[in-house]
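Undergrad: In case you want the letters, here they are:
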Amino acid sequence: MRKLRAVVLVGALSLTLGCGGSSSSSSGGGSAGDAIAGCSNGTSPSPSGNTIAASAENVATITVDGGLPSLPVTYVNGIFTTVKVCVPGTTNCQSIDHVLVDTGSYGLRLLQGPPTSTAGGELTLSLPQQTDASGNLIAECAQFSDGITWGSVKMVDIFVAGERALGVPIQVIGDSNPKFATVPSACSAFGSPENNLSKLLANGIIGVGPFPQDCGAGCAPGTRNNPGLYYACPPSGGCTTGSQPTVIAVSSQVQNPVTKFAVLPGSTVADNNGVIMQLPSVLPSGLAVVSGSLVFGIGTKNNNGLGNATVYTGDPMTADITTNFASQTFTQSFIDSGSNGYFFPSNIPTCTGNTGFYCPTSNLTCSAMNLGQNGNQNTINFNVANADSLSGANNAFDNLAGPNNPTPGSNGATGFDWGLPFFYGRNVFTGIEGARMPAGVPPGPFYAY
Amino acid sequence: MQISGSLIEQATRVVVCVSRPVSLFLGLKFRDPPTLSSSVKFVATTRIVSEGSFEQGENRAARISNPRRRNINPTSEMFVEAPGFKLRENMMKSSRFSKVLQWWLRSVSIVSLSLCAHSTWAALGRDAGSVEQDQVHMKAALRLAHSEPAYTVHELKTPTGTVIREYVSSAGKVFGVAWQGPWLPDFRQILGDYFEPVMQAPRDRRQGRGPLVVRQPGVVFQSAGHMRSFFGRAYVPDMLPKGVSADVVQ
Numbered sequence: 008m009r010k011l012r013a014v015v016l017v018g019a020l021s022l023t024l025g026c027g028g029s030s031s032s033s034s035g036g037g038s039a040g041d042a043i044a045g046c047s048n049g050t051s052p053s054p055s056g057n058t059i060a061a062s063a064e065n066v067a068t069i070t071v072d073g074g075l076p077s078l079p080v081t082y083v084n085g086i087f088t089t090v091k092v093c094v095p096g097t098t099n100c101q102s103i104d105h106v107l108v109d110t111g112s113y114g115l116r117l118l119q120g121p122p123t124s125t126a127g128g129e130l131t132l133s134l135p136q137q138t139d140a141s142g143n144l145i146a147e148c149a150q151f152s153d154g155i156t157w158g159s160v161k162m163v164d165i166f167v168a169g170e171r172a173l174g175v176p177i178q179v180i181g182d183s184n185p186k187f188a189t190v191p192s193a194c195s196a197f198g199s200p201e202n203n204l205s206k207l208l209a210n211g212i213i214g215v216g217p218f219p220q221d222c223g224a225g226c227a228p229g230t231r232n233n234p235g236l237y238y239a240c241p242p243s244g245g246c247t248t249g250s251q252p253t254v255i256a257v258s259s260q261v262q263n264p265v266t267k268f269a270v271l272p273g274s275t276v277a278d279n280n281g282v283i284m285q286l287p288s289v290l291p292s293g294l295a296v297v298s299g300s301l302v303f304g305i306g307t308k309n310n311n312g313l314g315n316a317t318v319y320t321g322d323p324m325t326a327d328i329t330t331n332f333a334s335q336t337f338t339q340s341f342i343d344s345g346s347n348g349y350f351f352p353s354n355i356p357t358c359t360g361n362t363g364f365y366c367p368t369s370n371l372t373c374s375a376m377n378l379g380q381n382g383n384q385n386t387i388n389f390n391v392a393n394a395d396s397l398s399g400a401n402n403a404f405d406n407l408a409g410p411n412n413p414t415p416g417s418n419g420a421t422g423f424d425w426g427l428p429f430f431y432g433r434n435v436f437t438g439i440e441g442a443r444m445p446a447g448v449p450p451g452p453f454y455a456y
Numbered sequence: 330m331q332i333s334g335s336l337i338e339q340a341t342r343v344v345v346c347v348s349r350p351v352s353l354f355l356g357l358k359f360r361d362p363p364t365l366s367s368s369v370k371f372v373a374t375t376r377i378v379s380e381g382s383f384e385q386g387e388n389r390a391a392r393i394s395n396p397r398r399r400n401i402n403p404t405s406e407m408f409v410e411a412p413g414f415k416l417r418e419n420m421m422k423s424s425r426f427s428k429v430l431q432w433w434l435r436s437v438s439i440v441s442l443s444l445c446a447h448s449t450w451a452a453l454g455r456d457a458g459s460v461e462q463d464q465v466h467m468k469a470a471l472r473l474a475h476s477e478p479a480y481t482v483h484e485l486k487t488p489t490g491t492v493i494r495e496y497v498s499s500a501g502k503v504f505g506v507a508w509q510g511p512w513l514p515d516f517r518q519i520l521g522d523y524f525e526p527v528m529q530a531p532r533d534r535r536q537g538r539g540p541l542v543v544r545q546p547g548v549v550f551q552s553a554g555h556m557r558s559f560f561g562r563a564y565v566p567d568m569l570p571k572g573v574s575a576d577v578v579q
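Residue numbers (the working numbering), protein chains in the order written: chain V, 8 to 456; chain H, 330 to 579.
FYI, nobody ran anything at the bench for these hints, they're computed from the structure.
In this text, all values refer to a predicted model and were calculated from it rather than measured experimentally.
Treat the hints with care, since some could be wrong.
[To be verified] If we take Cβ atoms under 8 angstroms as the criterion, some of the chain H residues that face chain V in the derived model are: (1) K486; (2) P488; (3) W512; (4) R517; (5) E525; (6) Q536; (7) P540; (8) Q551; (9) A553; (10) S558; (11) Q579.
[As the list claims (entries may be wrong)] Far from chain H, some chain V residues (derived; all Cβ distances over 10 angstroms): (12) I59; (13) A60; (14) G120; (15) T131; (16) N184; (17) T189; (18) L204; (19) L208; (20) P272; (21) T368.
[As the list claims (entries may be wrong)] Below, computed lysine to any residue pairings styled on SDA-like, alpha-carbon distance capped at 25 angstroms: (22) K186(V) / M528(H); (23) K571(H) / T253(V); (24) K486(H) / K206(V); (25) K486(H) / T336(V); (26) K206(V) / K571(H); (27) K486(H) / T253(V).
Even glycine gets a Cβ: it sits at the ideal position worked out from N, Cα and C.
Generate coordinates for the entire structure from the input sequences, incorporating the hints supplied.
TA: Dropping the structure here:
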C-alpha cells in the first residue's frame with residue numbers, strides 16, 4: 008500500500024514535469040548531473056481501464072507467459088497465440104501454440120519441427136509446396152531487423168479463433184526437406200538465419216501488421232526493383248548457395264492471414280481489414296502472465312468498432328508514423344507488438360546484466376508525442392525501469408526499454424520502436440493497406456489507439 | 330553485374346573491379362554522360378577513379394568493350410566507345426603505357442565482371458574506394474552527401490529504395506555505414522570483413538525479438554525497424570576520426 012501511494016504521488020509530479028520538462032535538458036545530455044533528455048525521475052500511471060473483448064468467433068486469446076518452456080531463456084514481453092493449420096481442404100490439421108503475434112510483419116511463418124515434435128509444438132504437418140509456372144519450388148528469405156528467416160512457401164488452411172483463411176501461402180521456416188536446407192548466400196547477406204527455436208524463440212510468427220503481403224508489387228513480375236525475398240529453386244536439386252531471387256505474383260506471396268479471412272456464416276463482411284490488440288495494464292513490478300484479446304476486423308462486428316480511439320495514419324509505403332521525443336523527430340516510428348520493449352536512443356545508461364536494455368539509476372518517466380500523417384497527435388507518458396532490477400519471476404513489463412540507433416540528425420530518419428510495453432492497458436488497432444474500412448475510418452496503413 | 334535500367338536515371342560513378350593495382354587508369358574520363366542501354370556493363374576503378382578524375386556531371390556508368398574495335402589513338406588520347414557513351418584516356422604518355430592499358434582494357438571487361446560478382450571487397454573498415462565497389466554491387470546511385478573536415482559521407486541509393494551512407498575518414502577509411510529504407514542492405518557487401526564476426530556474434534539481448542545490437546571489440550552493429558522499413562548502422566570504433574562521435578553514423 009505504501010509503495011502504491013508513492014507511485015501515484017511521483018506519477019502526478021512527473022506528469023506535471025512531463026509536458027514542459029521534456030525539452031528542459033539538452034540532447035547533449037549528462038553535463039548537468041545525469042539529466043536524461045525527454046525523461047525525468049518518477050513513474051507515470053499506466054494506461055488502464057481498456058475493454059478486453061469477450062470470447063467470440065473473431066477473438067483470439069493472446070498471452071504473455073515467458074514463451075516456450077522448453078527454451079533455456081525466458082521470453083520477456085512475448086505475446087503469443089495459437090494457430091491451427093490444415094492441409095488445404097482436409098481435416099489433417101495441427102494446432103501450434105506460442106506463435107508470436109507481430110504487428111511489425113505480415114504473413115504467417117511457422118517453424119518446422121523435428122518429426123518427434125509433440126502436439127502444440129512446432130509444425131510437423133506435411134503441406135503442399137508453392138511452385139511457379141515452371142514447377143520450380145518457391146522459397147522465401149524474409150527480413151527482420153534481427154535476422155532473416157529462410158524456408159519454403161507452402162499452402163495451408165488457417166484457423167484462428169473462429170476465423171478461417173483457406174489456401175493461404177505461408178512460410179515454413181527451416182523446412183526439413185533437404186531441398187531447402189541450403190540458405191542461398193544472396194539471402195544470408197541480409198542477416199543471420201533464425202531458423203531454429205533457439206534463434207526464433209517461438210514456434211512461429213503471425214504477422215498481422217498494416218500490409219497485406221510481406222513484399223507486394225516489388226517482388227512481382229514487372230518490378231524494376233526486386234528486393235529479393237523470393238527464390239525459385241529447381242524441383243530436382245533444390246536451393247543452392249548460388250540460388251538467385253525470383254519474382255512471384257502478389258497473390259502467391261506470403262499473405263497477412265487477416266486479409267484472407269472468409270466471411271463468417273451470419274455475417275455480411277469479413278473481419279479482414281485489421282486487428283485490435285487488447286491487453287490489460289500491468290503493475291510496475293510486472294506480472295508473470297498476462298492474457299488479452301486479439302480481435303479481428305475493424306468496425307465489422309459489434310465488438311470491434313473504433314470507439315473513441317484516434318487514428319494515426321502511416322506512411323503509405325512503410326506504415327510509419329512520426330514520434331517526437333527529447334526534441335528529436337523520429338520519422339520511421341512504428342507500433343510493434345513483436346518488439347519486446349520500447350527502443351529509442353537515449354543517454355539512459357544501458358544494463359550490464361540484461362545487455363540491450365536500459366538500466367537507469369532510478370525509475371524514469373518519459374514523454375513523447377506520436378503524430379500520424381493525418382495530423383492527429385497524442386502525447387504519451389511511459390516508464391523506464393532498471394531492467395536488471397526487474398523481477399526475474401515476471402514476464403510482462405510495461406517499463407522495459409532499450410537503446411536503438413542514434414538520434415536522427417541532419418541525415419534524417421530513424422525510428423522510435425513502440426514495442427509491447429505500449430500495448431498494456433491500451434486497445435491498439437492496426438488498419439491494413441488497401442482494405443475496406445467502415446465509414447469515417449481512413450484507409451490503411453494506420454495505427455489507432 | 331549488369332547495371333539495370335532502374336538505376337540509369339541517376340547512374341552512377343563507375344568502378345572497375347580488378348585484382349591488382351590499376352594506377353594506370355588515373356585520368357580515365359568519361360567524355361559524355363552515358364546513356365545506358367541494356368548492354369551496358371561497367372568499368373571502374375576504385376581509388377584510381379577519385380572524385381577529381383571524373384568530369385562534372387553525375388550520369389556515369391560505362392562498359393569497356395573490346396577497345397581494339399573502337400576508336401583508339403594509342404599515342405595521345407584513347408576513346409573507348411560503348412553504347413551511348415565514350416571513355417577517354419588522356420593521360421597516356423608513352424606507347425608502352427598505352428599497350429599495357431590496351432591489353433588491360435581488352436581483358437578487363439569480362440574478367441572484372443566475375444571479379445565483381447564474387448568480390449569480397451566491401452566497405453566497412455576498408456579504403457574509400459570500396460564505396461564504389463558497394464555501389465556497383467548494389468547497382469546504386471552514388472552522391473557525395475556531406476563533407477566535414479574529418480570525414481565525408483557518401484550516399485548510395487539502391488534501386489529498391491534503400492539508402493546507404495558510408496562514412497569515410499580523411500585517412501581514407503570507411504569507419505561507418507548506415508542504412509534506411511524498405512529492405513535491408515546487402516550486409517555481406519557493406520560490412521566486408523566484419524560481416525562474419527557480426528553475424529556470428531552473440532546478440533546483446535536474448536530475451537526476445539526486437540532490434541539487434543552487436544557489440545564486438547572491433548565493431549558495433551545496430552539493426553532496427555520492421556518489414557518494409559528498416560534502419561541501422563555499423564561502425565568501427567577504432568577508426569573513428571579524432572573528435573568524431575559514433576553518433577555521426579546515422
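Undergrad: Indicate, hint by hint, whether the structure satisfies it.
TA: A quick look at each hint next to the structure:
no. : hint              : verdict
1   : K486              : violated (11 angstroms)
2   : P488              : holds (4 angstroms)
3   : W512              : holds (4 angstroms)
4   : R517              : holds (4 angstroms)
5   : E525              : violated (10 angstroms)
6   : Q536              : holds (4 angstroms)
7   : P540              : holds (5 angstroms)
8   : Q551              : holds (5 angstroms)
9   : A553              : holds (5 angstroms)
10  : S558              : holds (4 angstroms)
11  : Q579              : holds (5 angstroms)
12  : I59               : holds (23 angstroms)
13  : A60               : holds (25 angstroms)
14  : G120              : holds (19 angstroms)
15  : T131              : holds (23 angstroms)
16  : N184              : holds (24 angstroms)
17  : T189              : holds (16 angstroms)
18  : L204              : holds (13 angstroms)
19  : L208              : violated (6 angstroms)
20  : P272              : holds (33 angstroms)
21  : T368              : holds (20 angstroms)
22  : K186(V) / M528(H) : holds (24 angstroms)
23  : K571(H) / T253(V) : violated (45 angstroms)
24  : K486(H) / K206(V) : violated (31 angstroms)
25  : K486(H) / T336(V) : holds (22 angstroms)
26  : K206(V) / K571(H) : violated (38 angstroms)
27  : K486(H) / T253(V) : holds (22 angstroms)
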